[in-house]
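Novice: Line by line, the protein sequences give chains A and B.
If you count by our numbering, then the first sequence holds residues 8 to 251, one letter each, in order.
If you count by our numbering, then the second sequence holds residues 25 to 170, one letter each, in order.
No lab work stands behind these hints, which were simulated from the structure alone.
Every residue gets a Cβ at the ideal spot worked out from N, C-alpha and C, and that includes glycine.
Incorrect hints may have been included.
[Stated by the list, open to error] Pair by pair, the computed Cβ-Cβ distance ranges are: (1) B/Pro85 <-> A/Glu251: 23 to 29 Å; (2) A/Asp144 <-> B/Gly146: 36 to 42 Å; (3) B/Leu44 <-> A/Thr189: 27 to 33 Å; (4) B/Glu117 <-> A/Glu159: 26 to 32 Å; (5) A/Cys47 <-> B/Gly146: 32 to 38 Å; (6) B/Gly103 <-> A/Ser113: 16 to 22 Å; (7) B/Glu82 <-> A/Thr46: 30 to 36 Å; (8) B/Gly123 <-> A/Asp225: 41 to 47 Å.
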Amino acid sequence: MTDTKAPYLMTDTEKTIDISKLDQDRFRSWPYSQDVCLTCGLCSSACPVSGIDGFDPRKIIRMVSLGLEAELVEARWPWICTMCAKCAVLCPMEIDIPNVMRGIRSLRPRNEVPGILHKGVEAAIKTGNILGLPKEDFLFIVEDVAGEIAAEPGFEAFTVPIDKQGANILSTIHNKLVNTHTEDLKHLWKIFFVAGENWTITSEAWEGCNWGFFTGDDRAMKLMIDRLAEQLTRFEIKNLMWPE
Amino acid sequence: MITYIKDKRIKLDKTRNDALTTYHDPCNHCRKAERLFGHGYYEEPRWILDQCVQQWVEMYPNRQHQICCGGGGGTLINGYNEERIFYGRTKMEQIKATGASMVVVPCHSCHGQFESIKSACGMQELKVKYLWEVVADALVLPGCDS
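Just chain A, same shape as in the assembly:
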């Protein structure tokens, strides 16, 4: 287990705070009940990353209540949090802690969003998918995988339905399945085939991931959802299967 040590645990981040900077009204309009925190610490006890950089959920909630915006926005911790909601399940005051983290993320300037997250959002806005994969390449990949399935005994009649009018299920595709993990496209498609399902994928707006959710970008998140809804309307599809 030597590789899972965290050398930055219990980093001393205690700083003297200039109380003239406290702004208890700053986040009062957020609908996440952060101001009713009892400071019981159940959230921090439940969280596997309490202590990294000296932060934990309780501390973040108190900082939001006190309006310490600059410190929150520059902190790595709200991005290390997975927004898994184990804290929120335990919170006796039902504070929506994951959405507080997402709210803090939304305040970062977009060019300071960590990793490839915002690049993915930009590609998705521009091209409809996070990879920026052109439509012809996407179609080549899915047809290729369909051909591999059809080469297996019992699946000779398999084809992948694309933009099928009136399908019962629209199955979105996680971008990694048309990138590095194409084998994993096959499981669900085989089940649909054997079950005789009336299913389809779409040639546009097929992206099953919505990174605007991760970066706190409501506008991008809504745009991606609107595009999926458009596909459902356009092809008169009854159900959306969106496993991400």
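Add chain B to chain A, keeping to what the hints say.
Specialist: This is chain B only, laid out in the frame that chain A set:
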């Protein structure tokens, strides 16, 4: 999927999945779905596992108190990899305690996280499969008896 099985649209042979298996509840399917939509998908995947896996055991804690994989919320792609592996250590200990050699999960993020950190946690032999993957592995094709 449950409808396919109950209506006999697909037939499954669970002896094809004979490794001791455990199941991980992803946050979005369980506690977050329960909070947002009033229903957490706890029992549905467990029923499906009963149909396609010979023997599986629960982790503890489970359902709404399941420990997070550590790979959600964008952490697989934000560059904080050392922190993400550290996050997942509790999860991997929880899997190890079941004695299972395979973990089944219905979420792309959890799947990616398990595959990504299992070696760092000394569990390189652990098999990680999607729920629909173990169903596909157990599929009996029409006209075949086994």
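Novice: Indicate, hint by hint, whether the structure satisfies it.
Specialist: Going down the list of hints, with the structure as the test:
1. B/Pro85 <-> A/Glu251: 23 to 29 Å: holds, 25 Å
2. A/Asp144 <-> B/Gly146: 36 to 42 Å: holds, 39 Å
3. B/Leu44 <-> A/Thr189: 27 to 33 Å: Distance hint for leucine 44 of chain B, threonine 189 of chain A holds at roughly 29 Å.
4. B/Glu117 <-> A/Glu159: 26 to 32 Å: For glutamate 117 of chain B and glutamate 159 of chain A the Cβ distance comes to about 38 Å; the hint is violated.
5. A/Cys47 <-> B/Gly146: 32 to 38 Å: Given about 35 Å between the Cβ atoms, the range holds.
6. B/Gly103 <-> A/Ser113: 16 to 22 Å: holds, 19 Å
7. B/Glu82 <-> A/Thr46: 30 to 36 Å: holds, 33 Å
8. B/Gly123 <-> A/Asp225: 41 to 47 Å: Holds: the Cβ-Cβ distance is about 44 Å, inside 41 to 47 Å.
In terms of the numbered hints stated before, the structure departs from hint 4 and from no other.
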